[in-house]
Amino acid sequence: MSDIYLNFPAFRLGALQRSVQQAEQDGVLFSAASALADAGFGRHHHCSEAESAYDLAKGTLDDMLTSYPETRDLLPRTDLILYVNCLPLNGNTGDVRQFDSSRDVKHLMDFPASRLQADFGMDQSYVMGIAQQACTGMLGSIRVANAMLHAESDLQQVLCITADRFPPGAVYEQAYNLISDGGAACIVSREPRGYRFLGAHHITNGAMAAANDEETAGFYFSYSHRMITDLCRKAGITPQDVQWIVPQNTNQKAWRILASVLRFDFDRILMPTIGTAGHCISGDNIINLKTVQEQNRIQPGDKILLPMAGFGLNWSCILLEKVAD
Amino acid sequence: MTETILVTGADGYIGSLVCDRLLRDTDAHLLLWVRAQDADEFRAKQDKILQQRAGMLDRISLHHGNLYAEEPFAGVDAGVIDRIIHTAAVTAFNVEAEVADAVNREGTRKMLAFARRCPQLKRFCYVSTAYAAGLASGDILEQPLPAAGPFANHYERSKCEAEAILLSEYGDLPWHIYRVATVIAHNDAGDVTQYNVFHNTMRLLFYGLISTLPGVEETPIYLVTGEFVADAIAELGVKAVAERQIFHVCHRREESLPLGHLVDTCFKVFSTDEGFRKRRVLRPLFTEFEPFEMLANELRGLSGQVVSQAVESIRPFARQLFVTKAFQNDNLRAALSHYRAPDPEQMTLNTVRYLVQTKWGREI
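As given, the protein sequences belong to chains A and B, one line each in that order. Counted from 1, the first sequence has number 432 at position 52 by our numbering; the numbering is strictly sequential. Counted from 1, the second sequence has number 31 at position 26 by our numbering; the numbering is strictly sequential.
Simulated from the structure, these hints should not be mistaken for laboratory data. Hints may be right or wrong, so weigh each one.
To be clear about the criterion: a stretch of chain A counts as covered by chain B if any three or more of its residues have a C-beta under 8 angstroms from a C-beta of chain B, and this derived list gives those stretches [unchecked claim]:
1. 464-473
2. 583-593
3. 627-637
With a Cα cut of at most 20 angstroms, we get these calculated SDA-like pairs of lysine to any residue [to be verified]:
4. Lys438(A) x Arg495(A)
5. Lys633(A) x Val485(A)
6. Lys283(B) x Arg495(A)
7. Lys633(A) x Glu295(B)
8. Lys283(B) x Ser432(A)
9. Lys486(A) x Ser432(A)
10. Lys633(A) x Lys283(B)
For every residue, glycine included, the Cβ atom is placed at its ideal position computed from N, Cα and C.
Excised from the complex, chain A in its bound form (with noise of 0.2 angstroms):
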């Protein structure tokens, strides 16, 4: 079977941000914005009214045209657009208030992957959706990519993206998590660069697919350390073998923790961006990879784990391994 990897991460983040203070200020958090300080937290972003899911899910692939230029050429040769939203009304870009005066479903049915095909002149790709995954869609589809890749021989790259807004109104934190509105994109295809995908573990316990902020936490540590090991086992490592772990930006000292118990060291936890980008729904694990590439931490040969926690319950975890470009 031959090889797949995973290149050109990218990211687009909401044109408006705050500091935890002023979202505590401006009555969107659900704790004390101090508590969120003191677990990492420091800034989120968030749309303006006039900026939709659509419009972020365009940024990150100008950011992925502006970032790595070669992409320019790349990109028109998609054969398929993998679109992940987490919150179901994302997958829509028409405007529901032109259903409730026409009662034509159309205006229910608008979907962003088309859009974004036209829009980019990914002319020869089709499109799929993945929206049941919370927020370890972006994970899934990049495992759904390596899948139809290996299952498909006509296909040749996988444009993975996903991108959410939360509804104006909405508080900004789940699962005490600072929330950012965001998009990211990755590109999943047979060519030798990036990071060569080594497996991936998924979990769902649907029976909590209800859960409350306490029960999620709950569930967090025990769910997250079998996901990790259950992939190390099925990938034929331990966790130390790993020599980085690339997670959601979540609470730092939730990983301090798990860290512990999964006796990894936690100065090997790459999560740059909690502070600026806080939990960016499914988009954090390529928001925090694209950075640490741009620092330089990651060398050829390096095993990373991409774990994600989300509603539904779900957590899902990729290993990938950085090759030589």
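With the hints as your guide, set chain B onto chain A.
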């Protein structure tokens, strides 16, 4: 001749059970001392106690006081007391230092001073805790303990200091010390009438609200039933056994479960509940002490309160879950007529089954 026995903390869980046994097994007159701030609080407690012991009213009399007061036992006639069983204490692991000092240490000192004024005193029984041993590891003998600790919490420290006061300042009294382990259930059948940190922790695990526990799987956990404790204290308190002895009112290491086995046993019962099975709660991860402390600190200030409060209840005891103690109970075995250690796994199974079936007492 009929004896008079003063029981402090007589409306507390252990104190009340001890009184029941003394009324059943002896013909003694009992002076029941209860904590009350004022006449109204005392009246409320008095009504309840008298109602519970309606057929024994000629054998009991009630007194009240407050261990914070200069003379908490001023209302009790020292001249008639033959025996004292001092159970009054604050037993919460998270008791604040000032309260522990005032009630458990200085309150005991006041009790001892009163005891010295009892001309016909035959025995002073101090109900202590097995965890007066603090964080000491290895064999824990039925011997005096070093008062210097270290201790996991102020409850342990204050009880140990009270023992030290008894031994150093009142060693001439005809004393006994009973060091009691953690009460898991009322009886071997697993009925629970008094909820503590053990039950709280089980509730968190059952509902999936905590997935990490401080401790080492091999640490033995010393659990007893309320009936075992009350039977032992009531028997030793009046029996003709040598004075100035310490008794460990607990079972030995080989009669106790290690922490990991205890959790597995609890999960065995949890998994009989359909809701638990559906939630697919995983066995908790055992963490080192510092990460657990970090978790407890982190939970403060976050919006949820249930887990934070429950973790806070575990926190003061957490260090003990890393310490392997081997309690010896030779004195207890030799003195009791019918010492018997229950099967610890069965006792745990029964208790946790009771907790699950009654939803921690809410659906009795």
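Hint numbers contradicted by this structure
1, 5, 6, 8, 10
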